[in-house]
Amino acid sequence: MAELIATSPLRDLTPITIGNVTLTEGIPGQVWAVLPWRGATEAASTALQSAHGLPFPAPGNLHKAGSTRIAWAGLDQAFLLGTTPDTALAAHAALIDQSDAWAHLVLSGPATREVLARLVPVDLAPAACPKGSARRTLLGHMSCLILHPGGDTFEILVFRSMASSAVHDLTRAMTAVAARDLRGAQTPG
Amino acid sequence: MRVSSTWQGESAASVTFTFNGQRVTGRAGDTVASALLANDIRLVGRSFKYHRPRGILTAGSEEPNALVTVGTGPDRMPNVRATVQEIYQGLEVVSQNHIGPLHRDLMAVNDVLHPFLGAGFYYKTFMWPRSFWERVYEPLIRRAAGLGALSGEAGGATSEKAYAFCDVLVIGAGITGIMAALTAAEAGADVILAEDAMVAGGQTGPQDGQIGDLAAGDWSQTRLDQLRAIPNVRVMLRTAVTGVYDDGSFAALERTGLHLPPGPDLPRETFWRIRAKQAVLATGALERPIAFPGNDRPGIMMTSAIATYAERFGVVPGRRIAVFATCDHAHRTIAALARQQGFSKLTVIDPRPDAVALGDYRLIAGAEVIGTRGRLGLREITIRKGGTEQRLEADCLGLSGGWNPSVHLTCHLGARPVWDEARAMFLPAPGAVPGLHPAGACNGTLSVAGCLREGQAAALTALRAMGRKPRAPALPDASDDPGRGRTLWAVAAKGRAWLDFANDVTTKDVKQAAQEGFTSVEHMKRYTTQGMAPDQGKSSNIGALAILADATGRTISTTGTTTFRPPFVPVTLKAMGAGAEGKGFAPERLTTSHAATLARGAPMIEAGLWYRPSYFPAKGETTWQQSCDREVRMVRATVGVVDVSTLGKIEIMGQDAGAFLDFLYTNTFSTLPVGRARYGLMLREDGHVMDDGTSARLAPEHFVMTTTTAAAGQVMAHMEFTAQALRPDLDVRFLSVTEQWAQFSVAGPLSRELMNSVLDDPIDDTAFPFMGCGAVKVHGIPARLFRISFSGERAYEIAVPARYGDALYRDLVARAEVLGGGAYGMEALNVLRLEKGFITHAEIHGRVTAFDIGMQGMLSGKKDFIGKAAAGRPGLLDPARERLVGLKPVDPDGVLTAGARLFKPEDPPEARNDQGYVTSVGQSPNLGHMIALAFLRHGPEREGHEIMMIDALRGIRTKVEVVPPVFFDREGGRARG
Numbered sequence: 012m013a014e015l016i017a018t019s020p021l022r023d024l025t026p027i028t029i030g031n032v033t034l035t036e037g038i039p040g041q042v043w044a045v046l047p048w049r050g051a052t053e054a055a056s057t058a059l060q061s062a063h064g065l066p067f068p069a070p071g072n073l074h075k076a077g078s079t080r081i082a083w084a085g086l087d088q089a090f091l092l093g094t095t096p097d098t099a100l101a102a103h104a105a106l107i108d109q110s111d112a113w114a115h116l117v118l119s120g121p122a123t124r125e126v127l128a129r130l131v132p133v134d135l136a137p138a139a140c141p142k143g144s145a146r147r148t149l150l151g152h153m154s155c156l157i158l159h160p161g162g163d164t165f166e167i168l169v170f171r172s173m174a175s176s177a178v179h180d181l182t183r184a185m186t187a188v189a190a191r192d193l194r195g196a197q198t199p200g
Numbered sequence: 002m003r004v005s006s007t008w009q010g011e012s013a014a015s016v017t018f019t020f021n022g023q024r025v026t027g028r029a030g031d032t033v034a035s036a037l038l039a040n041d042i043r044l045v046g047r048s049f050k051y052h053r054p055r056g057i058l059t060a061g062s063e064e065p066n067a068l069v070t071v072g073t074g075p076d077r078m079p080n081v082r083a084t085v086q087e088i089y090q091g092l093e094v095v096s097q098n099h100i101g102p103l104h105r106d107l108m109a110v111n112d113v114l115h116p117f118l119g120a121g122f123y124y125k126t127f128m129w130p131r132s133f134w135e136r137v138y139e140p141l142i143r144r145a146a147g148l149g150a151l152s153g154e155a156g157g158a159t160s161e162k163a164y165a166f167c168d169v170l171v172i173g174a175g176i177t178g179i180m181a182a183l184t185a186a187e188a189g190a191d192v193i194l195a196e197d198a199m200v201a202g203g204q205t206g207p208q209d210g211q212i213g214d215l216a217a218g219d220w221s222q223t224r225l226d227q228l229r230a231i232p233n234v235r236v237m238l239r240t241a242v243t244g245v246y247d248d249g250s251f252a253a254l255e256r257t258g259l260h261l262p263p264g265p266d267l268p269r270e271t272f273w274r275i276r277a278k279q280a281v282l283a284t285g286a287l288e289r290p291i292a293f294p295g296n297d298r299p300g301i302m303m304t305s306a307i308a309t310y311a312e313r314f315g316v317v318p319g320r321r322i323a324v325f326a327t328c329d330h331a332h333r334t335i336a337a338l339a340r341q342q343g344f345s346k347l348t349v350i351d352p353r354p355d356a357v358a359l360g361d362y363r364l365i366a367g368a369e370v371i372g373t374r375g376r377l378g379l380r381e382i383t384i385r386k387g388g389t390e391q392r393l394e395a396d397c398l399g400l401s402g403g404w405n406p407s408v409h410l411t412c413h414l415g416a417r418p419v420w421d422e423a424r425a426m427f428l429p430a431p432g433a434v435p436g437l438h439p440a441g442a443c444n445g446t447l448s449v450a451g452c453l454r455e456g457q458a459a460a461l462t463a464l465r466a467m468g469r470k471p472r473a474p475a476l477p478d479a480s481d482d483p484g485r486g487r488t489l490w491a492v493a494a495k496g497r498a499w500l501d502f503a504n505d506v507t508t509k510d511v512k513q514a515a516q517e518g519f520t521s522v523e524h525m526k527r528y529t530t531q532g533m534a535p536d537q538g539k540s541s542n543i544g545a546l547a548i549l550a551d552a553t554g555r556t557i558s559t560t561g562t563t564t565f566r567p568p569f570v571p572v573t574l575k576a577m578g579a580g581a582e583g584k585g586f587a588p589e590r591l592t593t594s595h596a597a598t599l600a601r602g603a604p605m606i607e608a609g610l611w612y613r614p615s616y617f618p619a620k621g622e623t624t625w626q627q628s629c630d631r632e633v634r635m636v637r638a639t640v641g642v643v644d645v646s647t648l649g650k651i652e653i654m655g656q657d658a659g660a661f662l663d664f665l666y667t668n669t670f671s672t673l674p675v676g677r678a679r680y681g682l683m684l685r686e687d688g689h690v691m692d693d694g695t696s697a698r699l700a701p702e703h704f705v706m707t708t709t710t711a712a713a714g715q716v717m718a719h720m721e722f723t724a725q726a727l728r729p730d731l732d733v734r735f736l737s738v739t740e741q742w743a744q745f746s747v748a749g750p751l752s753r754e755l756m757n758s759v760l761d762d763p764i765d766d767t768a769f770p771f772m773g774c775g776a777v778k779v780h781g782i783p784a785r786l787f788r789i790s791f792s793g794e795r796a797y798e799i800a801v802p803a804r805y806g807d808a809l810y811r812d813l814v815a816r817a818e819v820l821g822g823g824a825y826g827m828e829a830l831n832v833l834r835l836e837k838g839f840i841t842h843a844e845i846h847g848r849v850t851a852f853d854i855g856m857q858g859m860l861s862g863k864k865d866f867i868g869k870a871a872a873g874r875p876g877l878l879d880p881a882r883e884r885l886v887g888l889k890p891v892d893p894d895g896v897l898t899a900g901a902r903l904f905k906p907e908d909p910p911e912a913r914n915d916q917g918y919v920t921s922v923g924q925s926p927n928l929g930h931m932i933a934l935a936f937l938r939h940g941p942e943r944e945g946h947e948i949m950m951i952d953a954l955r956g957i958r959t960k961v962e963v964v965p966p967v968f969f970d971r972e973g974g975r976a977r978g
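Sequences listed follow chains A and B, in order.
In case it helps, our numbering puts the first sequence at residues 12 to 200.
In case it helps, our numbering puts the second sequence at residues 2 to 978.
Treat the hints loosely; a few may be bogus.
[Unchecked claim] Below are the DSBU-like pairs computed for lysine-lysine, each with C-alpha atoms no more than 30 Å apart in a straight line:
no.: 1; chain 1: B; residue 1: Lys-512; chain 2: B; residue 2: Lys-125
no.: 2; chain 1: B; residue 1: Lys-889; chain 2: B; residue 2: Lys-905
no.: 3; chain 1: A; residue 1: Lys-142; chain 2: B; residue 2: Lys-470
no.: 4; chain 1: B; residue 1: Lys-470; chain 2: B; residue 2: Lys-278
no.: 5; chain 1: B; residue 1: Lys-278; chain 2: A; residue 2: Lys-142
It should be emphasised that the hints constitute simulated quantities derived from the structure, not laboratory data.
The structure presented is a predicted model; accordingly, all values stated were derived computationally and were not measured.
Input sequences plus hints: build the corresponding full structure.
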């Protein structure tokens with residue numbers, strides 16, 4: 012029997028370092044959409060808590076327990092990351108595999124927020140987007156989910172098919188931000 | 002003339018640039034304007050209409066005269082204000098709007114012809130003959146008009162767009178803005194201080210005395226340094242706030258790299274979108290010119306500009322300087338200048354008989370300037386005092402007619418400024434922009450202490466509006482005397498007196514407009530073009546409407562202003578559209594088979610954002626048609642593989658999933674057995690077809706829907722709306738899984754053989770009959786298999802998690818080739834579906850009904866669904882509607898084209914005889930002629946009729962026969978197998 016070789020969404024497009032910011036591909040893990048049935052959000056949260064030690068997140072939140080995380084991802088929707096959902100959850104929520112649907116980019120370094128300010132129309136300053144935040148927003152023209160595990164690191168999930176465009180846009184923003192330092196132009200923020 | 006070579010207290014390096022090819026040496030920190038003045042170059046450009054010699058009027062971004070072209074090649078930028086552009090080594094600057102050298106402009110003949118070129122000249126002159134307008138006059142006028150030109154070359158250094166957020170946005174870093182920013186920052190607010198100029202301080206200078214224990218001119222820089230050290234403050238110099246929008250949104254343009262040599266990476270400009278909870282407007286005021294004959298010569302400039310060139314750049318713009326002033330503020334400025342090097346022979350002409358000299362300069366009180374001389378630059382002025390006239394030698398004349406508050410941004414949401422009779426100023430209307438608090442000179446407050454007070458008060462108001470309880474620190478001591486002044490819009494004297502320097506509009510033009518009935522300020526503006534130049538009338542609007550008020554016997558208040566619109570300063574399209582060039586225009590969606598497809602040499606076509614193969618050229622094939630024909634025959638004879646991952650895939654789960662689909666689709670899905678797929682039709686609420694596709698039932702409460710590639714997003718949004726707004730009673734959840742699954746169609750008589758070579762457990766027609774579906778394993782990987790066909794052949798669609806897409810596609814194509822088949826592209830896919838009469842969005846383009854496409858039978862009578870009521874309207878069921886038919890050429894060699902119109906052969910091809918149109922065409926290799934789908938009045942009733950197809954655009958006329966839309970295997974036996 013032949014074997015099908017798995018390909019990552021970003022293939023060889025990363026890592027990229029420009030200035031003090033580095034773009035890498037996140038470790039491809041399990042991503043499962045958890046969509047509680049009508050009126051079952053609380054029950055789903057309880058089931059998540061007992062199975063994975065995580066609640067169903069409030070809008071904008073990212074929770075972590077060991078290597079498992081859960082991120083708010085939209086109306087009645089969360090992404091369980093890093094594990095396959097416990098079968099007991101199926102009674103309370105629709106569970107849909109999204110592990111192959113997203114390219115997972117990790118941007119880190121001191122000027123990360125300035126880079127993202129070129130592409131993302133929401134405020135990612137620590138006061139507005141503290142550690143443990145999840146934002147459903149845009150990266151340039153692309154729909155995305157941004158996770159902030161803390162520090163100067165942001166994780167960006169974009170459609171797998173758009174991975175190369177995301178790298179293109181991020182690279183351009185990284186170049187522009189780095190050039191301000193190099194050329195001695197003022198650096199707002 | 003340069004008298005000091007320091008820049009902000011430090012000795013500045015010399016910088017060489019060129020002006021019209023001539024090398025000019027300035028100092029680091031100079032603008033083009035200050036460097037030219039330092040080198041005694043006064044003639045900088047030619048005026049828009051009369052090509053009069055023009056110099057530098059101001060020292061800021063409001064400059065109407067000194068517009069130059071900067072840079073070369075794709076980086077060339079026209080209409081750059083010389084007063085804003087900073088110099089750098091190697092900068093190339095050229096003057097605009099002249100034929101031949103600047104000092105001998107051939108177009109200057111226009112100035113001699115001025116009696117014929119007044120207001121409304123075009124409208125009166127170019128009326129006849131009518132046909133000449135488009136072919137002769139307009140091109141001629143367009144060539145003569147305009148200032149600088151773009152290079153026409155693409156590329157060059159990039160610009161960027163960015164977002165910023167803050168609690169308090171302070172617009173303007175004069176003393177008012179700095180006071181506001183300090184107040185807000187000390188209260189802990191997140192502050193952005195945006196300043197148009199390259200330095201803070203605005204118009205404040207030695208004339209303003211002391212602020213606390215600092216000289217007024219030094220206070221701003223000292224405090225700015227303080228502000229920069231506060232972490233919650235962002236100081237953005239060279240950043241003009243250009244527009245005010247809803248809910249605290251502001252646009253701003255940063256000259257990020259325009260002051261540096263163009264480089265590959267540093268953006269030239271940054272177009273900011275700033276979201277602020279509150280804002281303080283501290284944009285200051287612009288000094289008001291005075292209209293008098295010959296007031297436009299190089300050497301005539303605003304008094305505040307003379308002060309700025311002296312204070313900031315160490316440049317004295319003349320050797321014999323006179324000032325025509327009507328207010329005390331100008332006297333203070335002159336008194337301060339008179340103490341400096343290079344200002345020994347100052348004369349001030351003031352129309353106020355009681356004016357008093359405030360320093361060491363000559364004052365001619367009760368007098369006016371009524372004329373000027375000097376062909377390429379000011380040489381002499383004529384002064385009238387009482388009944389006598391005298392001439393005075395002067396190479397620089399300062400103007401100061403008072404101040405116009407910069408209220409522009411307060412008007413961007415529709416408010417009109419309010420005329421204050423006592424101060425003779427337009428002031429911001431109270432509450433003009435919610436959350437934007439005007440303070441200082443832009444609010445009509447001119448004293449130093451008043452500006453500081455208002456800056457602080459505006460910041461406190463903003464802080465309180467955000468729910469903070471700030472304290473008000475003590476303000477530094479400063480002068481609280483705004484000074485007095487007299488309003489003088491225009492001097493009563495014979496000759497042309499300019500109002501709008503940029504567009505060459507004189508007081509006479511405005512009066513003429515009024516005489517000819519254009520008495521509304523908006524009409525006057527358009528008739529004379531006053532205020533329509535790149536400076537948007539910053540220096541001339543108020544003066545022009547005052548003249549209009551006078552000419553029409555109205556007050557300034559009732560005359561009103563024209564509409565202030567964004568942007569406040571010119572914004573390049575390059576900045577606004579930054580990031581959208583090249584691959585930034587739209588994201589590219591690449592399938593998992595993209596690399597393998599490119600490796601096979603397939604040209605790609607765009608389908609929405611997706612890239613799909615057009616065809617796969619085989620050895621010896623020179624045209625796409627050859628490849629397409631081969632691929633079509635291949636699928637009909639053996640087996641073909643095509644990536645169909647681009648189709649929308651939506652997972653639908655829940656106890657009401659079936660009921661939800663019944664409501665979405667016109668036909669019934671709740672009765673569909675598990676393990677089967679069904680074709681479905683979806684309507685919009687208006688009864689027209691929205692999309693079609695198949696939905697498969699994987700489990701009792703689990704469906705997967707496919708949509709067309711084109712409508713995937715629309716269908717998803719439609720489903721969200723339906724679930725949230727129309728049927729919240731249903732317990733259903735759904736999510737797009739388009740990106741999760743790579744899906745390939747394997748089509749052709751040998752498709753089952755191919756599938757069985759990759760599946761862990763072989764399938765037969767009992768387990769997978771036509772429209773069957775189910776879980777399978779391919780090379781050990783769990784997958785989904787659907788037996789559906791878009792080609793009319795036996796066909797399967799196999800879906801695997803996207804990570805395996807690349808590997809599976811390569812494997813399937815390789816195996817197909819062994820069986821005599823291979824990969825096929827969109828061209829072949831299109832012909833295959835056309836032969837079968839399958840529709841795409843070329844047919845269901847948004848204006849057709851199920852009735853039109855012959856699918857009225859799919860509208861279930863047993864249940865309700867979206868669009869049912871509207872689809873039953875009589876007008877949508879009229880047999881005379883344009884309805885789907887097939888077309889074939891009567892002559893087998895006849896050419897059919899998509900978009901062509903249909904006529905009865907006997908009718909002249911005119912719109913009133915139109916019978917319909919062609920939507921899709923293709924060359925059928927199986928039939929040996931072209932085939933088409935079309936919409937034709939009474940369509941199916943006319944089968945067998947001959948119709949004339951006319952493509953007027955391509956000049957094609959083909960006689961066609963109306964046939965049923967299915968051309969091949971009408972019974973469908975091949976797909977059902």
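Here is what the structure says about each hint:
1. Lys-512(B) - Lys-125(B): holds, 17 Å
2. Lys-889(B) - Lys-905(B): holds, 15 Å
3. Lys-142(A) - Lys-470(B): holds, 28 Å
4. Lys-470(B) - Lys-278(B): With a Cα-Cα distance of about 16 Å, the restraint between Lys-470(B) and Lys-278(B) holds, given a limit of 30 Å.
5. Lys-278(B) - Lys-142(A): Holds, at roughly 23 Å.
Checked against the numbered hints above, the structure breaks none of them.
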